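Okay, here's what each chain looks like letter by letter:
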Amino acid sequence: MRRTIMVYKTPGVGATQVGNLSISDLDVETKFSTLFPYLKGREDIEVLLRYPGVLRKKQPIELCGFKTDIILRRAQSLEQILIDERQIDIREGLFESFAAEHPILISFNPEVIWFAPETGISAFEKNMKQILPTSSLGFDAKMAKEAAQKIIALSVEKPRTYNFWKKLSQIEYENETLGSILIEYCIQNGISSKAKWLSGITPLIDAKTPNSIAISHQMNIATATLVQSKYDFGDTVPAYLYTIHLNSSMLMPDKWTPLLDEVTRSIRVAIENQELFDGVFLSIRNLNAISQSQGRVNVVLKLMKKIAEISRVEATPSFWSRLGPIGLAALDLGENYCSVPLNLNLDDVFQSPGGPPEKVYHFGKIINPNMREKWYVNQVQLSANNDGRGMPPLEKYWDKNLPSEDELNKPARYRINFAKPYNIAVFNNLQDDWEKHISNGEISPGREFLQSFEAPYSSWGLR
Amino acid sequence: MVNLNEISASDLLGINNNKRSERDTRILVLSYIRQNPDGVTAKMAAEAANIGERRAREILNELCQARERYSRKLPNIQSYLFYPNGRLIHKYLQKSRDLGSQIFRISFHEGRKGPRVQIQERKFTLLEGEKVEGSIFVDYSNLEAFTSFLDEMLVRFNQFNEKKNRGRKK
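Top to bottom, those sequences are chains U and A. Taking the working numbering, the leading residue of the first sequence gets 38, the next gets one more, and so forth. Taking the working numbering, the leading residue of the second sequence gets 37, the next gets one more, and so forth.
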């Protein structure tokens with residue numbers, strides 16, 4: 038049974054939609070359309086728990102599902118630290134109050150099963166061992182470990198193929214298919230994290246394997262069915278979103294392929310005919326590469342228009358994962374929720390180990406909203422040295438525009454106490470501006486802003 | 037090897053090949069206990085539902101937590117016996133509320149004689165999620181009297197506290 042109610046503010050401007058969304062049994066009351074932060078690990082949750090003022094009221098949060106154990110443990114350990122540091126009284130639990138204020142969406146990055154990066158696989162295995170014993174499968178720690186090992190062995194067997202998905206229904210552990218164990222893990226992950234929305238563990242859809250659309254659809258149906266049965270049984274379960282992960286191969290320059298038609302058709306069928314889904318969740322892999330080709334950008338923009346149309350007709354929300362600045366263009370086109378990684382990186386969350394050894398890269402990037410560029414720490418340092426002004430001061434949410442000496446020497450402190458909160462605050466100021474422009478009747482203020490954004494994101498601006 | 041487009045949601049959940057969904061298994065265990073009001077052990081339920089004994093115990097404990105079953109340890113029997121807990125139909129009008137660190141979930145059930153209200157106390161831990169701590173049922177016809185009773189006890193508690201504080205001051 039669909040639990041989401043969307044109340045649209047009228048009249049809308051162009052394709053843009055704004056209004057309020059509620060899910061009464063989960064106490065969700067939040068605005069759409071909006072940008073919202075994506076949290077990939079312990080450092081990101083620390084930023085938001087330390088500096089909750091960078092967020093808008095009731096703003097949703099997206100958490101990386103493969104790292105929920107790490108994120109929740111960090112929240113737990115931070116609770117005492119913050120009580121000691123600030124002498125504050127936290128009666129309800131730090132994370133619990135945070136989750137009550139900011140509805141949480143759990144998502145699972147497709148690259149973990151697609152090419153089995155070492156970091157992703159290790160996080161996945163640890164997370165499963167933690168989550169499975171709390172699921173209704175009734176596994177103890179030993180059984181959870183064995184089940185997790187079976188799923189991991191399958192993930193690493195033949196990367197970049199659909200071997201994993203083919204064998205999910207054929208291999209069993211304790212009379213359960215690995216498919217049902219994986220789905221139980223996915224749902225329990227959402228329940229344990231107090232999530233309000235859940236996206237599924239579904240395959241990355243690749244142009245070379247057209248049938249990947251079919252197996253993605255079946256995984257969605259299977260997950261939604263189990264969510265529904267738990268809901269019917271009286272459990273508190275997150276609202277399930279029809280999940281689509283597209284590989285960049287699906288997006289050819291200026292070519293709307295029959296496969297994209299099939300993807301949109303499967304979304305339409307799911308949202309129209311099934312009472313099982315409370316919205317649609319999409320992610321596209323390699324957005325940086327796509328942004329470098331105007332032809333491919335055009336195809337994604339067309340896809341966004343089509344998804345927005347389905348979601349508006351059916352009054353169900355659309356969520357786009359890890360769009361970064363591109364989210365502004367998506368909001369213009371009528372998408373409802375677009376997440377922004379705190380470090381602004383749109384590449385895969387889990388990558389092969391290693392990275393540039395130069396210290397400057399360890400500080401990450403910070404967005405300069407006036408220059409419309411992403412800056413390295415040395416640029417921030419230069420601006421502070423030259424005119425003492427540092428980064429542009431922000432109107433709301435965050436008042437620090439210069440990092441301290443200590444932060445400039447320690448990358449983690451710089452990221453936690455300066456760059457990441459500043460990045461969220463920039464996007465929330467942009468969101469406020471976007472809403473102001475929309476209420477003034479302007480069309481496409483997001484894409485107008487992106488017109489003069491640094492390459493390759495300028496390709497998402499108005500032409 | 038099977039083709040991707042031949043795999044169904046039922047295959048993924050393992051419902052085919054004479055297997056059941058988790059929900060069906062729970063329903064089977066529930067109905068088996070209903071048919072045996074004198075009580076069943078986990079082993080008996082496991083055999084009836086064709087599942088492992090450990091899994092059966094897990095389901096039975098969950099049902100006890102939800103107050104759909106209750107269990108009792110008898111002196112001369114090593115295992116617990118599980119009994120039906122009255123006929124409960126599906127919940128409706130369910131709502132949860134976090135009151136500080138306590139979570140309460142109130143729902144309505146259709147009992148034999150009329151509607152009943154279930155009040156569950158639930159607990160949330162970061163790593164285990166939300167679990168039922170315990171619950172009570174109040175017949176709808178007694179609900180008003182029950183809330184008055186609560187009010188009365190609150191007044192009595194406040195009076196008791198006042199007296200206690202006055203005693204301390206003296």
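The set of hints was computed from the structure by calculation and includes no laboratory data. Keep in mind that a hint or two might mislead.
Partial list, computed: chain A residues near chain U (C-beta under 10 Å) [as the list claims (entries may be wrong)]:
no. : residue
1   : V38
2   : I43
3   : E94
4   : K131
5   : K167
Calculated lysine to aspartate or glutamate pairs in the EDC-like style (CA-CA distance at most 16 Å, straight line) [said to hold, decoys possible]:
no. : chain 1 : residue 1 : chain 2 : residue 2
6   : U       : K267      : U       : D62
7   : U       : K195      : U       : E155
8   : U       : K203      : A       : E42
9   : U       : K203      : A       : D47
10  : A       : K79       : A       : E94
11  : U       : K95       : U       : E116
12  : U       : K204      : A       : D60
13  : U       : K267      : U       : E312
14  : A       : K167      : U       : D272
15  : U       : K267      : A       : E42
16  : A       : K131      : U       : D272
17  : U       : K267      : A       : D60
18  : A       : K159      : U       : D272
19  : U       : K166      : U       : E183
20  : A       : K131      : U       : D64
21  : U       : K267      : A       : E98
22  : U       : K204      : A       : D47
23  : U       : K343      : U       : E312
24  : A       : K131      : A       : E98
25  : A       : K131      : U       : E66
26  : U       : K343      : U       : E309
27  : A       : K131      : U       : D106
28  : U       : K473      : U       : E485
29  : U       : K166      : U       : D106
Nothing here was measured: the structure is a model prediction, and the numbers come from that model. We treat Cβ as the ideally placed atom computed from N, Cα and C, and that holds for glycine.
Now the hints, each set against the structure:
A distance limit of 10 Å between C-beta atoms decides the matter here; for V38 (chain A) the minimum to chain U is near 6 Å, and the interface restraint holds. A cut of 10 Å between beta carbons decides the hint on I43 (chain A): the least distance to chain U is about 6 Å, and the hint holds. Taking 10 Å as the C-beta cut-off, the interface hint given for E94 (chain A) holds, the closest approach to chain U being about 3 Å. Look at K131 (chain A): its Cβ gets to within about 7 Å of chain U, closer than 10 Å, so that hint holds up.
Given the 10 Å rule on beta carbons, the hint for K167 (chain A) holds: about 9 Å separates it from the nearest Cβ of chain U. About 14 Å separates the Cα atoms of K267 (chain U) and D62 (chain U), which keeps this hinted pair within 16 Å; it holds. Restraint check for K195 (chain U) and E155 (chain U): the C-alpha separation of about 14 Å stays at or below 16 Å, so the hint holds. Restraint check for K203 (chain U) and E42 (chain A): the C-alpha separation of about 9 Å stays at or below 16 Å, so the hint holds.
Distance restraint check for K203 (chain U) and D47 (chain A): the Cα-Cα separation of roughly 10 Å lies within the 16 Å cut-off, and the hinted pair is therefore satisfied. This hinted pair checks out: K79 (chain A) and E94 (chain A) have alpha carbons roughly 12 Å apart, not beyond 16 Å. The hinted pair formed by K95 (chain U) and E116 (chain U) fails the criterion: a straight-line CA distance of about 21 Å is larger than 16 Å. Among the hinted pairs, K204 (chain U) with D60 (chain A) is inconsistent with the structure: their alpha-carbon atoms are about 24 Å apart, more than 16 Å.
Distance restraint check for K267 (chain U) and E312 (chain U): the Cα-Cα separation of roughly 15 Å lies within the 16 Å cut-off, and the hinted pair is therefore satisfied. Annotation: proposed proximity of K167 (chain A) to D272 (chain U) holds, straight-line Cα distance about 10 Å (limit 16 Å). Between K267 (chain U) and E42 (chain A) the CA atoms are separated by roughly 26 Å; this puts the pair beyond 16 Å, and the hint is violated. Of the supplied pair hints, the one linking K131 (chain A) and D272 (chain U) holds, its CA atoms being roughly 11 Å apart against a limit of 16 Å.
Taking the CA atoms of K267 (chain U) and D60 (chain A), the gap is near 11 Å; set against the 16 Å cutoff, the hint holds. With a C-alpha separation of about 13 Å, the suggested pairing of K159 (chain A) with D272 (chain U) holds against the 16 Å cut-off. Proposed proximity of K166 (chain U) and E183 (chain U) is supported: the alpha carbons are some 9 Å apart, at most 16 Å. Between K131 (chain A) and D64 (chain U), the direct Cα distance comes to roughly 9 Å. Compliance with the 16 Å bound is thereby established for this hinted pair.
A threshold of 16 Å between alpha carbons decides the hint, and for K267 (chain U) with E98 (chain A) the separation of about 13 Å falls inside it, so the pair holds. Restraint check for K204 (chain U) and D47 (chain A): the C-alpha separation of about 10 Å stays at or below 16 Å, so the hint holds. A distance of roughly 20 Å separates the Cα atoms of K343 (chain U) and E312 (chain U); the hinted pair therefore is violated under the 16 Å criterion. For the suggested pair K131 (chain A) and E98 (chain A), the alpha carbons sit about 20 Å apart, so the restraint of at most 16 Å is broken.
With a CA separation close to 15 Å, the supplied pair K131 (chain A) and E66 (chain U) stays within the 16 Å bound. Proximity of K343 (chain U) to E309 (chain U) is assessed by CA-CA distance (about 14 Å); at most 16 Å being required, the pair is judged to hold. A hinted pair counts as satisfied when its Cα atoms are at most 16 Å apart, and K131 (chain A) with D106 (chain U) does not qualify at roughly 27 Å. With a C-alpha separation of about 14 Å, the suggested pairing of K473 (chain U) with E485 (chain U) holds against the 16 Å cut-off.
Restraint check for K166 (chain U) and D106 (chain U): the C-alpha separation of about 10 Å stays at or below 16 Å, so the hint holds.
Hints 11, 12, 15, 23, 24 and 27 from the list above are not met by this structure, while the remaining hints are.
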